[in-house]
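Chain by chain, the residues run as shown.
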Amino acid sequence: MRKIKEFLIEKLILICGLASIFFVGLIFIFLLKEGLAVFKSVSAFAFLGGSKWYPISEPPQLGILPLILGSLVVTVGAAIISIPIGVGCAVYIAEIAPLKIKEVLKAGIELLAAIPSVVLGFIGMITLVPLVKKVFHLPTGLTALSGSIMLAFMAMPTIVSIAEDALYSVPKNYKEGAFALGATHWQTIYRVILPAASRGILAAIMLGIGRVIGETMAVMMITGNAAVIPKSILVPVRTLTATIAAEMGEAVVGSEHYFALFAIGIVLFVISFAINVTADLCLHERI
Amino acid sequence: MARNPYRSQKIAFFCLLLATLFIVVPVGMIVVVIIKKGIAGITWQFLTDVPRKGMRAGGIFPAIVGTVYLVTGAISFALPIGLFAAIYLSEYAKGNFLTRMIKLAIVNLAGVPSVVYGLFGLSLFVVFFKFGASILSGALTLGIMILPLIITASREALESVPASFREASLSLGASKWQTIRHIVLPNAVPGILTGTILGLGRAAGETAPILFTAAAFYLPRLPHSIFDQVMALPYHLYVISTQVPNVDEKIRYGTALVLVFLVLVMNLIAVVIRYQFRKKKKW
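Protein chains in written order, with numbering that gives the first Met the number 0: chain A, 0 to 286; chain B, 0 to 282.
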């Protein structure tokens with residue numbers, strides 16, 4: 000009797016163990032199931048490369064190039080801001096900060112990671128957007144730049160915590176060896192510890208960028224949502240994620256618009272899949 | 000001019016400190032601003048009344064209740080699966096290809112954009128299973144979203160139980176499951192609890208996954224069953240800050256404060272449990 004019970008429990012454990020693979024597969028299948036239907040009416044090339052996104056005109060124009068470029072502009076901006084600051088902060092926490100301050104800083108970073116994105120979006124709308132408008136004398140502060148700044152703050156916790164782990168796991172004798180040769184602390188960090196942790200830091204940057212590409216609410220609230228090809232970072236843009244979030248509510252189930260939004264979901268899924276697999280390969284050297 | 004390595008060190012360290020302050024100071028400011036401006040909006044009526052006058056007056060009680068329902072549902076779905084999955088990875092899995100695939104799947108599940116979870120929940124639960132936009136659909140979607148978080152935290156907790164504990168139990172004749180049930184799990188409870196609470200916090204704050212699966216724009220009553228739509232705090236904050244004009248600032252900040260308070264309290268509890276556990280750790 001006990002043997003049977005134990006056998007059943009172990010099978011249950013195995014099934015739950017496989018659940019993650021099952022759910023990843025399920026997500027992909029259901030995105031494909033709904034999203035691929037859009038390619039009956041528009042070719043993949045026209046979908047990805049089309050410069051007009053008018054989903055509710057007649058006939059609908061479903062080109063997501065403006066949305067891809069919108070996501071790209073915001074993401075590149077956020078990366079430029081968050082990478083140096085995030086990695087710098089990770090180095091400070093891992094190498095320089097005294098123990099007590101280190102704990103406080105880590106708690107602060109965790110706090111930032113815990114604040115819901117809709118709250119950051121709300122704060123950004125009230126503080127950052129008027130500031131950007133005033134500083135650059137713009138008709139509206141809802142721009143790609145505002146989005147980049149806000150998203151940089153969402154990427155930083157990821158970058159800092161993973162990069163700090165990577166720096167921390169560099170063997171102590173590397174550092175001792177450098178000190179013994181007469182290097183200063185900074186020379187040791189710059190020439191020995193950073194190169195030794197480079198794979199982990201690369202993974203941290205990629206995962207941070209992945210977070211930025213996938214972020215939805217804050218970006219929808221502060222980038223202005225204009226689905227046109229951005230000419231600079233000081234104009235409103237619309238990202239892939241914001242398009243789905245803003246338009247799915249109005250799209251009729253089974254319409255071309257509905258399928259197109261799922262197709263955007265496929266694009267996002269593939270991007271995040273690629274980023275996560277590559278980052279994982281950086282962290283673990285083999286498949 | 001000879002370069003002085005100590006001076007460049009000073010400059011470099013100063014820059015690193017600056018980078019750190021650049022993150023920490025705004026975070027502090029955000030929290031302070033929300034608390035300072037939000038506290039004015041928090042009254043008993045605000046917390047216990049339904050929204051009135053097109054959400055420009057009244058309270059946020061249905062949104063609080065909705066979020067509690069969604070989060071409870073999500074965790075009751077994700078915790079059993081996540082815990083068993085963690086047990087599999089820490090106690091049963093061998094270092095083979097399948098294990099590597101499971102780990103990769105977890106990483107990917109954690110990286111899927113939240114709005115894609117929303118799409119997935121819409122197509123699977125709302126349309127395919129015909130649950131409609133409901134507490135059930137939203138809770139299941141959120142549950143799958145926090146699954147990787149719970150698996151990872153529980154696995155770490157289980158793996159940190161020393162192997163000697165297991166060996167002692169097995170050598171006394173206990174079976175593998177008995178060992179896990181009576182020796183490994185009890186020693187991993189604080190870690191699992193920490194992961195669960197962090198999962199709760201994450202589920203409470205997410206908006207995009209419930210946008211099309213559960214959240215109601217304006218529903219000034221409490222839900223009757225799990226097939227009802229609900230209001231939820233994060234979505235409510237989004238609605239009153241972008242969709243409804245002329246909402247009093249007090250109401251916006253008050254809603255933000257309640258949401259941040261919920262999430263931060265959960266994180267704080269997690270931190271305290273972790274700290275207590277580290278202090279008491281016997282090995």
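No lab work stands behind these hints: they were computed from the structure.
Don't take every hint at face value.
Negatives, chain B to chain A, calculated, CB over 10 Å [said to hold, decoys possible]:
hint, residue
1, ILE33
2, LYS35
3, VAL67
4, GLY81
5, ALA92
6, VAL111
7, ARG165
8, SER168
9, SER170
10, GLY200
11, ALA207
12, VAL243
13, VAL270
14, GLN275
With the C-beta cut set under 7 Å, the calculated list includes, among others, these residues of chain A facing chain B [claimed, not checked]:
hint, residue
15, CYS15
16, PHE27
17, LEU31
18, GLU33
19, LEU35
20, ALA36
21, ILE82
22, PRO115
Beta carbons: idealized from backbone N, C-alpha and C, even for Gly.
Hint check against the structure, violated hint numbers in rising order: 1, 4, 5, 6, 10, 11, 13, 16, 17, 19, 20 and 21
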